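Protein chains in written order, with my numbering: chain A, 5 to 542; chain B, 5 to 542.
In short, the hints are calculated from the structure, not lab data.
This structure is a prediction, so every number in the text was calculated from the model and none was measured.
Be careful, since some hints might not be right.
Chain copies aren't distinguished; within one or between two, either way the pair holds.
Lysine-lysine pairs mimicking DSS-like chemistry, simulated, CA-CA at most 25 Å apart [claimed, not checked]:
#	residue 1	residue 2
1	Lys29	Lys310
2	Lys250	Lys312
3	Lys250	Lys461
4	Lys365	Lys312
5	Lys512	Lys312
6	Lys29	Lys507
7	Lys501	Lys389
8	Lys8	Lys198
9	Lys83	Lys332
10	Lys501	Lys195
11	Lys389	Lys366
12	Lys512	Lys501
13	Lys365	Lys310
14	Lys461	Lys110
15	Lys185	Lys525
16	Lys525	Lys514
17	Lys29	Lys195
18	Lys512	Lys525
19	Lys352	Lys310
20	Lys525	Lys431
21	Lys166	Lys501
22	Lys366	Lys312
23	Lys8	Lys514
24	Lys389	Lys310
25	Lys501	Lys8
Number of protein chains: 2
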Amino acid sequence: MSAKLRIVQAQLNLQVGNIAENLEKHRLATVIARDQFHADIIVFPELSLTGYPPEDLLYRPAFIQEAQAALLSLAADIKDIYCVVGHPHLERDHLFNACSVLHDGKVIAYYAKQRLPNYGVFDECRYFTPGNASCVFPIQDTQVGIVICEDLWKLGPTRAAKSHGAEIILSPNASPFEVDKHEQRLSVLAKRAKHDNLPIIYVNQVGGQDDLIFDGGSMAVNAMGDCCQFAGFFHESLHPIDFVKKGRITSAPFTVPEPIERIYQALVLATRDYIHKNHFSGVLVGVSGGIDSALTLAIAVDALGKDKVKAVFLPSQYTASMSLEDGKALTDELGVATETISIESTCKTLVETLAPSFAGKKSDVTEENIQARARAIILMALSNKFGYLVLTTGNRSEMAVGYCTLYGDMAGGYAVLKDIPKTLVYKLAAFRNQRGQVIPQRTIERPPTAELAPNQKDEDSLPPYSILDSILECYLNQSQSIEEIVNNGFDRNVVTKVVNLIKYSEYKRKQAAVGPRINHKSFIRDWRYPNTNGFTEL
Amino acid sequence: MSAKLRIVQAQLNLQVGNIAENLEKHRLATVIARDQFHADIIVFPELSLTGYPPEDLLYRPAFIQEAQAALLSLAADIKDIYCVVGHPHLERDHLFNACSVLHDGKVIAYYAKQRLPNYGVFDECRYFTPGNASCVFPIQDTQVGIVICEDLWKLGPTRAAKSHGAEIILSPNASPFEVDKHEQRLSVLAKRAKHDNLPIIYVNQVGGQDDLIFDGGSMAVNAMGDCCQFAGFFHESLHPIDFVKKGRITSAPFTVPEPIERIYQALVLATRDYIHKNHFSGVLVGVSGGIDSALTLAIAVDALGKDKVKAVFLPSQYTASMSLEDGKALTDELGVATETISIESTCKTLVETLAPSFAGKKSDVTEENIQARARAIILMALSNKFGYLVLTTGNRSEMAVGYCTLYGDMAGGYAVLKDIPKTLVYKLAAFRNQRGQVIPQRTIERPPTAELAPNQKDEDSLPPYSILDSILECYLNQSQSIEEIVNNGFDRNVVTKVVNLIKYSEYKRKQAAVGPRINHKSFIRDWRYPNTNGFTEL
Numbered sequence: 005m006s007a008k009l010r011i012v013q014a015q016l017n018l019q020v021g022n023i024a025e026n027l028e029k030h031r032l033a034t035v036i037a038r039d040q041f042h043a044d045i046i047v048f049p050e051l052s053l054t055g056y057p058p059e060d061l062l063y064r065p066a067f068i069q070e071a072q073a074a075l076l077s078l079a080a081d082i083k084d085i086y087c088v089v090g091h092p093h094l095e096r097d098h099l100f101n102a103c104s105v106l107h108d109g110k111v112i113a114y115y116a117k118q119r120l121p122n123y124g125v126f127d128e129c130r131y132f133t134p135g136n137a138s139c140v141f142p143i144q145d146t147q148v149g150i151v152i153c154e155d156l157w158k159l160g161p162t163r164a165a166k167s168h169g170a171e172i173i174l175s176p177n178a179s180p181f182e183v184d185k186h187e188q189r190l191s192v193l194a195k196r197a198k199h200d201n202l203p204i205i206y207v208n209q210v211g212g213q214d215d216l217i218f219d220g221g222s223m224a225v226n227a228m229g230d231c232c233q234f235a236g237f238f239h240e241s242l243h244p245i246d247f248v249k250k251g252r253i254t255s256a257p258f259t260v261p262e263p264i265e266r267i268y269q270a271l272v273l274a275t276r277d278y279i280h281k282n283h284f285s286g287v288l289v290g291v292s293g294g295i296d297s298a299l300t301l302a303i304a305v306d307a308l309g310k311d312k313v314k315a316v317f318l319p320s321q322y323t324a325s326m327s328l329e330d331g332k333a334l335t336d337e338l339g340v341a342t343e344t345i346s347i348e349s350t351c352k353t354l355v356e357t358l359a360p361s362f363a364g365k366k367s368d369v370t371e372e373n374i375q376a377r378a379r380a381i382i383l384m385a386l387s388n389k390f391g392y393l394v395l396t397t398g399n400r401s402e403m404a405v406g407y408c409t410l411y412g413d414m415a416g417g418y419a420v421l422k423d424i425p426k427t428l429v430y431k432l433a434a435f436r437n438q439r440g441q442v443i444p445q446r447t448i449e450r451p452p453t454a455e456l457a458p459n460q461k462d463e464d465s466l467p468p469y470s471i472l473d474s475i476l477e478c479y480l481n482q483s484q485s486i487e488e489i490v491n492n493g494f495d496r497n498v499v500t501k502v503v504n505l506i507k508y509s510e511y512k513r514k515q516a517a518v519g520p521r522i523n524h525k526s527f528i529r530d531w532r533y534p535n536t537n538g539f540t541e542l
Numbered sequence: 005m006s007a008k009l010r011i012v013q014a015q016l017n018l019q020v021g022n023i024a025e026n027l028e029k030h031r032l033a034t035v036i037a038r039d040q041f042h043a044d045i046i047v048f049p050e051l052s053l054t055g056y057p058p059e060d061l062l063y064r065p066a067f068i069q070e071a072q073a074a075l076l077s078l079a080a081d082i083k084d085i086y087c088v089v090g091h092p093h094l095e096r097d098h099l100f101n102a103c104s105v106l107h108d109g110k111v112i113a114y115y116a117k118q119r120l121p122n123y124g125v126f127d128e129c130r131y132f133t134p135g136n137a138s139c140v141f142p143i144q145d146t147q148v149g150i151v152i153c154e155d156l157w158k159l160g161p162t163r164a165a166k167s168h169g170a171e172i173i174l175s176p177n178a179s180p181f182e183v184d185k186h187e188q189r190l191s192v193l194a195k196r197a198k199h200d201n202l203p204i205i206y207v208n209q210v211g212g213q214d215d216l217i218f219d220g221g222s223m224a225v226n227a228m229g230d231c232c233q234f235a236g237f238f239h240e241s242l243h244p245i246d247f248v249k250k251g252r253i254t255s256a257p258f259t260v261p262e263p264i265e266r267i268y269q270a271l272v273l274a275t276r277d278y279i280h281k282n283h284f285s286g287v288l289v290g291v292s293g294g295i296d297s298a299l300t301l302a303i304a305v306d307a308l309g310k311d312k313v314k315a316v317f318l319p320s321q322y323t324a325s326m327s328l329e330d331g332k333a334l335t336d337e338l339g340v341a342t343e344t345i346s347i348e349s350t351c352k353t354l355v356e357t358l359a360p361s362f363a364g365k366k367s368d369v370t371e372e373n374i375q376a377r378a379r380a381i382i383l384m385a386l387s388n389k390f391g392y393l394v395l396t397t398g399n400r401s402e403m404a405v406g407y408c409t410l411y412g413d414m415a416g417g418y419a420v421l422k423d424i425p426k427t428l429v430y431k432l433a434a435f436r437n438q439r440g441q442v443i444p445q446r447t448i449e450r451p452p453t454a455e456l457a458p459n460q461k462d463e464d465s466l467p468p469y470s471i472l473d474s475i476l477e478c479y480l481n482q483s484q485s486i487e488e489i490v491n492n493g494f495d496r497n498v499v500t501k502v503v504n505l506i507k508y509s510e511y512k513r514k515q516a517a518v519g520p521r522i523n524h525k526s527f528i529r530d531w532r533y534p535n536t537n538g539f540t541e542l
């Protein structure tokens with residue numbers, strides 16, 4: 005036998021629930037790993053047969069049975085290579101987040117995840133029982149240990165594998181993207197590898213799953229804690245790594261993209277996968293001439309190609325001519341089909357219809373919402389008639405303070421910028437323009453406006469976005485109190501107003517479309533606040 | 005000292021997050037228990053100072069600090085009575101679901117919940133560390149043990165309290181209503197009491213909290229497992245119970261209402277509390293002449309009084325004259341204000357506006373959705389202008405199969421019938437009419453129709469509701485597979501169609517309004533399925 009072990013990282017885009025298709029991907033990848041890469045072992049991500057996270061599908065006996073059948077079917081096919089595959093495993097009423105090692109038609113080793121994450125976006129204690137045993141098995145004369153995802157982030161499991169003789173750790177993961185998640189992973193892997201003097205082969209899945217973005221970023225870290233191989237972000241990869249006796253991992257040069265590029269690519273991947281995996285033929289974007297819809301449109305085109313994207317202009321009496329000009333410049337640059345449908349007659353009819361009910365009442369936010377909702381009806385009618393999904397264009401700052409209309413601009417199937425603060429929207433627009441100017445400079449430079457009333461500006465209702473986003477960072481991501489935020493140097497009245505706006509718009513967020521998550525605390529599955537909430541902090 | 009211990013069950017409606025108000029309720033109840041009931045001890049529900057469930061408020065340090073301060077403030081006030089109060093307790097980075105026993109200015113005993121529910125609607129492992137010690141303390145010469153909620157449902161904690169000398173168990177709870185939850189509780193309490201030969205004083209909170217309904221139903225069960233006292237459902241109560249030496253609990257006669265009455269009262273309480281706790285001045289209901297909006301309106305009137313409820317008729321060309329007649333009869337009987345606003349001109353304008361885009365296309369569901377959405381815009385405009393919350397009227401059967409329009413009839417703040425299958429809607433209407441005929445007989449007897457197209461009937465698109473609801477019960481509540489449901493005697497094509505409809509309407513449910521939960525598996529926090537889901541079962 006050779007003095008080295010060749011490992012292929014199967015950084016794949018797996019589909020939650022689609023076990024049959026996932027199984028085919030496993031078969032194909034295993035054949036390629038064996039026949040083209042001459043690998044000894046291929047490692048798939050966490051719960052690779054089911055995709056991650058399967059959520060309450062795990063409560064369905066039929067789902068667990070199908071996964072079990074797929075595992076046996078795959079095992080029967082594996083010849084002349086070892087295969088580490090992730091799957092749920094049911095044993096006497098206990099379900100485990102497991103992986104099995106397949107070789108020459110048999111399951112030769114088995115591991116159940118020992119540390120179950122149940123915070124943030126994770127609910128693993130809802131489904132799984134923790135395992136309590138290490139898994140170390142020989143390939144040729146190397147002792148190979150397995151730990152799964154969270155096991156790496158906590159003390160214990162790698163150390164236990166080492167004490168059972170492991171010389172190298174293979175780790176299947178399903179680790180969702182966040183702005184600085186790669187750096188967090190690097191730091192954890194380096195610490196764990198050094199602490200236990202063990203190289204770690206880290207395999208992550210890639211792809212969008214509703215709000216979650218799996219960025220890949222599979223790595224190999226040697227026993228000194230240095231990252232010596234990197235499989236890249238946001239694309240599938242079968243990445244071979246050689247583990248040479250005496251604990252050395254072969255190195256290969258790599259570059260890691262800047263954070264702003266990662267975020268942009270994350271949004272592109274999330275949007276593409278939501279559309280493709282849900283079998284939509286394309287998307288509609290209501291284009292206002294503002295920065296949010298411009299960036300959303302650019303991302304949509306980068307995700308799907310211009311032929312699958314349609315821009316709809318929905319002008320009203322308050323739409324400035326520069327909005328239409330900038331929208332036209334944008335759609336010309338991107339080369340997408342456009343349609344213009346005025347909302348004026350619809351709004352006029354609605355105002356007339358409501359006039360008897362509203363007699364003696366002043367115009368207020370009601371009339372603004374009517375405009376936003378008239379746009380939504382028209383976009384949704386186009387969506388219903390032609391089968392295109394509506395992308396919403398609101399950003400995280402608006403979503404936080406409720407500066408958006410329920411059933412209006414919030415109406416749609418996927419909210420591309422839902423987790424992007426307004427100040428980051430500008431940075432992403434600048435980044436996109438560096439790769440080819442598509443968003444007009446005036447769209448970037450003009451003051452933000454909802455154009456729902458004469459001469460309206462966002463800053464009439466909200467603090468400047470630079471201040472708002474700083475307060476939101478403190479309150480949302482860092483769970484600071486009003487007192488702490490004031491002590492950071494912000495005006496107490498402004499902070500209190502923002503916190504109250506956050507609280508009173510919870511009901512809107514509960515009815516919002518799903519959208520890609522990039523923050524440590526996003527407004528999706530890791531933000532679980534009651535609508536009915538008497539906490540004031542005041 | 006007397007030979008008996010007098011215990012007051014404080015079955016209170018506490019408000020999540022509103023610690024200051026909850027604290028005042030504790031003070032007042034304690035004074036009444038001591039001075040009017042001459043009680044030795046008062047027992048509040050689980051997490052009584054914060055209300056239950058506080059969800060991610062538990063992640064906010066300022067919230068935990070406020071709860072801690074409230075506990076100390078309450079302790080300082082307690083004189084000449086023992087007080088068992090529920091609160092989160094932070095100790096060296098670990099948060100516990102705790103209760104403390106207060107007496108004469110001091111915390112004299114402390115207990116941390118040992119079994120944390122993390123299934124169904126519960127996410128307690130997200131926040132809490134389990135306790136690992138019994139709490140048994142003396143009052144006069146009686147040894148009193150404490151366990152919290154889930155501790156009763158699992159083996160271990162009561163047995164351990166007994167082994168530490170407990171002669172009686174006090175149990176603070178926050179147990180949400182389900183159709184047969186009272187019977188489940190009775191069975192668990194009887195088993196536990198007999199098993200450990202211990203009487204149990206069971207104290208539950210009461211009140212609506214978003215989707216959750218806490219029904220109260222506090223009880224006392226003696227060591228033979230017999231329920232000898234019952235504090236009633238759906239109302240606050242300070243209920244005194246005497247525990248006589250030698251383990252006997254005094255009995256008092258009681259009746260338990262029938263399940264149909266419980267469900268009706270649960271919906272009334274949930275609706276009332278959502279409106280009141282969120283400070284809405286009233287509600288709007290779009291009344292169609294059909295059974296769902298009729299029942300919703302009746303519940304709203306029973307919850308809030310007729311002066312806080314307004315019915316809005318929104319007729320179109322497809323509205324039958326009998327719909328308007330029946331709607332009028334209903335609103336006359338209930339005595340609510342009404343308004344009639346036709347959607348015809350709005351729909352006409354929208355169809356004309358969209359005509360160039362839809363040239364050559366046949367009429368389809370798009371035009372039906374336009375009607376539902378025109379109604380939503382008008383209702384929401386009234387809501388915005390007058391501050392009334394819109395109640396949606398859709399039922400669980402529709403929500404399951406997506407027979408509802410996003411941003412149309414789904415638009416609103418609270419979905420009263422969201423968890424009520426259509427067949428149960430009829431039973432609840434009949435129950436309500438027994439207490440005074442308000443829903444016209446013709447509304448109950450005519451075939452269900454959405455009235456969005458000529459001569460439309462629900463059964464043109466769906467199986468008869470008796471069949472649909474049976475299939476939904478198997479698939480949703482019992483997690484049966486298609487194969488199992490077919491083996492129950494249902495047509496395979498029908499079952500497959502229903503399961504596919506459930507799957508493909510997940511995105512709608514994700515954007516639905518919150519509404520009261522009565523099922524073991526409701527479409528709210530205990531139904532966590534991905535939008536992007538490749539599982540077919542086929």
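Here's how the hints hold up against the structure:
1. In the homo-oligomer, the alpha carbons of Lys29 and Lys310 never lie at most 25 Å apart, since the shortest distance is 29 Å inside one protomer and 61 Å across protomers.
2. Neither within a single protomer nor between protomers do Lys250 and Lys312 lie at most 25 Å apart by alpha-carbon distance, with minima of 53 Å and 79 Å respectively.
3. Proximity of Lys250 and Lys461 under a CA criterion of 25 Å is satisfied in neither setting, with 65 Å inside one chain copy and 75 Å between copies.
4. Proximity of Lys365 and Lys312 under a CA criterion of 25 Å is satisfied inter-copy only: 20 Å between copies versus 44 Å inside one chain copy.
5. In this assembly of identical chains, the alpha carbons of Lys512 and Lys312 lie at most 25 Å apart only when taken from different copies (23 Å versus 29 Å within one copy).
6. Taking the shortest Cα distances, Lys29 and Lys507 sit within 25 Å of each other only across copies (24 Å), while inside one copy they are farther apart (45 Å).
7. Taking the shortest Cα distances, Lys501 and Lys389 sit within 25 Å of each other only across copies (22 Å), while inside one copy they are farther apart (42 Å).
8. Taking identical chains as interchangeable, the C-alpha atoms of Lys8 and Lys198 lie at most 25 Å apart only when both belong to the same chain, with a minimum of 21 Å there against 64 Å between chains.
9. In this assembly of identical chains, the alpha carbons of Lys83 and Lys332 never lie at most 25 Å apart, being 58 Å within a copy and 75 Å across copies at closest.
10. Taking identical chains as interchangeable, the C-alpha atoms of Lys501 and Lys195 are never at most 25 Å apart, the minima being 42 Å within one chain and 52 Å between chains.
11. With identical chains, the CA atoms of Lys389 and Lys366 are at most 25 Å apart between copies only, with a shortest distance of 9 Å across copies and 37 Å within one.
12. Proximity of Lys512 and Lys501 under a CA criterion of 25 Å is satisfied intra-copy only: 17 Å inside one chain copy versus 32 Å between copies.
13. Within a single copy, Lys365 and Lys310 get their C-alpha atoms only as close as 46 Å, which misses the 25 Å cut-off; across copies the closest is 24 Å, which meets it.
14. For a Cα distance limit of 25 Å, the shortest separation of Lys461 from Lys110 qualifies neither inside one copy, at 66 Å, nor across copies, at 56 Å.
15. Only within a single protomer do Lys185 and Lys525 lie at most 25 Å apart by alpha-carbon distance; the minimum there is 13 Å, versus 35 Å between protomers.
16. In the homo-oligomer, the alpha carbons of Lys525 and Lys514 lie at most 25 Å apart both inside one protomer (15 Å) and across protomers (19 Å), since each shortest distance falls under that limit.
17. In this assembly of identical chains, the alpha carbons of Lys29 and Lys195 never lie at most 25 Å apart, being 33 Å within a copy and 51 Å across copies at closest.
18. Within a single copy, Lys512 and Lys525 get their C-alpha atoms as close as 17 Å, and across copies as close as 24 Å, so both meet the 25 Å cut-off.
19. For the identical chains of this complex, Lys352 and Lys310 are neighbours neither inside a copy (34 Å) nor across copies (33 Å), given an alpha-carbon limit of 25 Å.
20. In this assembly of identical chains, the alpha carbons of Lys525 and Lys431 lie at most 25 Å apart only when taken from the same copy (20 Å versus 43 Å across copies).
21. Within a single copy, Lys166 and Lys501 get their C-alpha atoms no closer than 53 Å, and across copies no closer than 52 Å, so neither meets the 25 Å cut-off.
22. When the C-alpha separation of Lys366 and Lys312 is checked against a cutoff of 25 Å, the pair qualifies only between copies, where the shortest distance is 23 Å, while the shortest distance within a copy is 43 Å.
23. For the homomeric pair Lys8 and Lys514, neither the shortest alpha-carbon distance inside one copy (53 Å) nor that between copies (50 Å) is at most 25 Å.
24. Taking identical chains as interchangeable, the C-alpha atoms of Lys389 and Lys310 lie at most 25 Å apart only when both belong to the same chain, with a minimum of 20 Å there against 41 Å between chains.
25. For the homomeric pair Lys501 and Lys8, neither the shortest alpha-carbon distance inside one copy (62 Å) nor that between copies (54 Å) is at most 25 Å.
This entry does not satisfy hints 1, 2, 3, 9, 10, 14, 17, 19, 21, 23, 25, going by the numbered hints stated previously.
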